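Protein chains: 2
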Amino acid sequence: MTTPDIWFTLYSLARKGALHRSITITTSELGGVLGISQQTASRRISYCVDEGFVARTHTAAGMLLQITERGRRELSEVLGELEIAFVPPGDEIVIRGSVTHGLGEGAYYVEVYATRFREALGFLPFSGTLNVIIREEESRKATTRMRQSPPLIVHGFSYEGRTFGDVICYRVKVDNAVEGAVVIAQRTHHSENTLEVIAPYDLREKLGLEDEDIVELTVIPLHMAT
Amino acid sequence: MTTPDIWFTLYSLARKGALHRSITITTSELGGVLGISQQTASRRISYCVDEGFVARTHTAAGMLLQITERGRRELSEVLGELEIAFVPPGDEIVIRGSVTHGLGEGAYYVEVYATRFREALGFLPFSGTLNVIIREEESRKATTRMRQSPPLIVHGFSYEGRTFGDVICYRVKVDNAVEGAVVIAQRTHHSENTLEVIAPYDLREKLGLEDEDIVELTVIPLHMAT
DNA sequence: ATTACTAAGACACGAGTAT
DNA sequence: TATACTCGTGTCTTAGTAA
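Protein chains in written order, with numbering that gives the first Met the number 0: chain A, 0 to 225; chain B, 0 to 225.
Note that these hints are calculated values from the structure, not bench results. Remember, it's a predicted structure, so these values are computed and weren't measured experimentally. Among the hints, a few may not be true.
Here chain B is said to cover these stretches of chain A; the calculated rule only asks that three of the stretch's residues, wherever they fall, bring their Cβ under 8 angstroms from a Cβ of chain B [said to hold, decoys possible]:
id: 1; segment: 6-19
id: 2; segment: 69-78
id: 3; segment: 84-96
Result set (SDA-like, lysine to any residue): computed pairs, CA atoms no more than 20 angstroms apart in a straight line [what the hints assert, rightly or not]:
id: 4; chain 1: A; residue 1: 15; chain 2: B; residue 2: 89
id: 5; chain 1: B; residue 1: 15; chain 2: A; residue 2: 92
id: 6; chain 1: B; residue 1: 15; chain 2: A; residue 2: 76
id: 7; chain 1: A; residue 1: 15; chain 2: B; residue 2: 76
id: 8; chain 1: A; residue 1: 15; chain 2: B; residue 2: 75
id: 9; chain 1: B; residue 1: 15; chain 2: A; residue 2: 89
id: 10; chain 1: B; residue 1: 15; chain 2: A; residue 2: 83
id: 11; chain 1: B; residue 1: 15; chain 2: A; residue 2: 75
id: 12; chain 1: B; residue 1: 15; chain 2: A; residue 2: 82
id: 13; chain 1: B; residue 1: 15; chain 2: A; residue 2: 90
id: 14; chain 1: A; residue 1: 15; chain 2: B; residue 2: 91
id: 15; chain 1: A; residue 1: 15; chain 2: B; residue 2: 88
Computed spacing ranges between beta-carbons, pair by pair [stated by the list, open to error]:
id: 16; chain 1: A; residue 1: 36; chain 2: B; residue 2: 106; range: 54 to 64 angstroms
id: 17; chain 1: A; residue 1: 205; chain 2: B; residue 2: 164; range: 52 to 62 angstroms
id: 18; chain 1: A; residue 1: 2; chain 2: B; residue 2: 56; range: 20 to 30 angstroms
id: 19; chain 1: B; residue 1: 192; chain 2: A; residue 2: 200; range: 30 to 40 angstroms
Using N, Cα and C, we set each Cβ at its ideal position, and we do this for glycine too.
All chains, full assembly: derive it from the sequences and hints.
Have a look at this one:
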């Protein structure tokens with residue numbers, strides 16, 4: 000089974016709502032949707048189940064199918080790429096999100112990584128991060144777009160007996176005013192829906208931001224970064 | 000050549016920027032991207048060209064390929080469906096756009112169709128339309144989402160020797176405050192990027208809207224409409 | 001009813017090669 | 001060098017049918 004066929008299968012299931020709940024469907028029905036026979040539909044689904052894209056439970060009247068996390072990621076990747084492809088070149092990618100408070104850990108890490116951030120980014124970051132919650136849609140676009148530009152990687156190191164992992168940075172402009180960077184720690188299973196932003200200044204103060212305020216992060220292509 | 004293969008081909012070309020400009024590529028390269036041989040890539044492209052999805056010019060060093068309007072629509076359709084599929088069920092679809100002034104024709108048409116709108120929508124529209132410019136991305140989502148709900152169709156008629164065509168209506172809530180409808184005339188080649196909104200009141204006055212103000216149109220599923 | 005196995009057939013693929 | 005043709009090969013599909 001080829002990639003396009005997998006995508007097409009997942010796409011068709013997604014359109015029926017299988018991203019959010021189990022759907023009941025027979026192989027014949029699915030065959031109809033995909034324009035293939037019942038037998039082939041059966042094999043396709045078995046394949047998707049084997050590969051972990053779809054979860055299946057058999058019932059008397061067909062199958063219960065739901066797209067798994069793996070399948071969702073696969074589709075989300077395609078969707079993100081397509082969304083980016085449709086953006087006219089030169090257009091800026093803007094991620095909108097709302098300010099939230101982190102766990103307070105950010106400041107500690109920023110201080111530890113401070114000089115390394117300066118080397119990579121050209122500025123000494125304020126010792127605190129601005130946490131920004133983004134909607135899944137924005138998140139998808141953000142991560143896809145960011146992945147397109149070669150990342151600035153701040154390599155890990157050891158310090159006072161502790162190990163600090165790699166951190167990936169992407170340059171952004173905050174509210175079109177302050178240049179900063181989104182930092183993504185590789186080791187932590189960071190929530191995909193929260194971005195941590197560092198900048199030379201205290202962003203909350205400089206931009207007068209409060210929790211739940213909306214901020215715009217404009218992704219700066221690496222070759223344009225200062 | 001099957002639908003998924005066409006999509007995959009268009010998708011791969013789109014990722015290389017072929018939605019916005021001609022790209023230079025050889026069949027071998029394309030084969031590499033698609034995971035198929037040079038020969039098969041050649042056949043795939045020829046097929047896409049024959050079907051009008053892709054425009055091709057041969058050059059000494061390969062081909063110049065650009066996705067046609069037809070191809071763009073095909074991909075846009077897929078993208079729209081995927082975007083909708085990812086929206087959690089129950090979530091409202093919100094279209095954001097900015098107010099603009101129309102050509103002034105709107106008022107005339109609204110008056111002519113007025114009683115018919117009342118029958119279909121349950122309110123007598125203010126004799127003027129609010130024109131809203133939307134970005135392509137929003138447009139895609141809007142049209143896809145709207146197409147999902149069976150449209151309210153106001154049938155055409157003749158009046159004073161003129162023929163007035165069908166008009167399709169979709170219920171929306173403007174700025175979460177006023178219920179109205181997006182109206183799309185079937186006969187005119189209306190710009191996909193401008194929506195015309197009617198409501199029981201003068202929206203500009205009621206909501207204090209000026210040109211270039213941002214408005215939110217929340218699409219109301221038909222079964223929920225009052 | 002379903003899903004899914006088997007086997008025969010269709011057709012897509014790619015090596016070789018023409019242009 | 002390209003693209004694209006022919007054709008042998010192999011894979012994927014489907015009909016029939018079992019479970």
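Hints versus structure:
1. Evaluation of the coverage hint for the segment 6-19 of chain A: fulfilled, as 8 residues show C-beta separations to chain B shorter than 8 angstroms, against a requirement of three.
2. Residues of the segment 69-78 of chain A with a Cβ under 8 angstroms from some Cβ of chain B number 4, which satisfies the need for three, so the listed coverage holds.
3. Using a Cβ-Cβ cut-off of 8 angstroms, 5 residues of the segment 84-96 of chain A lie near chain B, which meets the minimum of three, so the contact claim holds.
4. Proximity of residue 15/A to residue 89/B is assessed by CA-CA distance (about 14 angstroms); at most 20 angstroms being required, the pair is judged to hold.
5. Of the pairs offered as hints, the one joining residue 15/B and residue 92/A holds, with about 17 angstroms between alpha carbons and a cut-off of 20 angstroms not exceeded.
6. With a C-alpha separation of about 16 angstroms, the suggested pair residue 15/B and residue 76/A falls inside the 20 angstroms cut-off, and the hint holds.
7. Restraint check for residue 15/A and residue 76/B: satisfied, since their Cα atoms lie roughly 16 angstroms apart, inside the 20 angstroms limit.
8. With a C-alpha separation of about 19 angstroms, the suggested pair residue 15/A and residue 75/B falls inside the 20 angstroms cut-off, and the hint holds.
9. Straight-line distance between C-alpha atoms of residue 15/B and residue 89/A comes to about 14 angstroms, which keeps the hinted pair within the 20 angstroms bound.
10. Restraint check for residue 15/B and residue 83/A: the C-alpha separation of about 11 angstroms stays at or below 20 angstroms, so the hint holds.
11. Between residue 15/B and residue 75/A, the direct Cα distance comes to roughly 19 angstroms. Compliance with the 20 angstroms bound is thereby established for this hinted pair.
12. At most 20 angstroms may separate the alpha-carbon atoms for a hinted pair to count; residue 15/B and residue 82/A meet this at roughly 13 angstroms.
13. Distance restraint check for residue 15/B and residue 90/A: the Cα-Cα separation of roughly 16 angstroms lies within the 20 angstroms cut-off, and the hinted pair is therefore satisfied.
14. Distance hint between residue 15/A and residue 91/B is fulfilled; the C-alpha atoms sit about 18 angstroms from each other, no more than 20 angstroms.
15. For the hint pairing residue 15/A with residue 88/B, the CA-to-CA distance comes to about 11 angstroms; that is within 20 angstroms, so the pair holds.
16. For residue 36/A and residue 106/B, the hinted distance range of 54 to 64 angstroms is satisfied, since their beta carbons lie about 56 angstroms from each other.
17. Distance hint check for residue 205/A and residue 164/B: the Cβ-Cβ separation is about 55 angstroms, which falls inside the suggested range of 52 to 62 angstroms.
18. For residue 2/A and residue 56/B, the hinted distance range of 20 to 30 angstroms is satisfied, since their beta carbons lie about 28 angstroms from each other.
19. About 38 angstroms separates the C-beta atoms of residue 192/B and residue 200/A, a value consistent with the hinted range of 30 to 40 angstroms.
Hint check: no violations occur; every hint is consistent with the structure.
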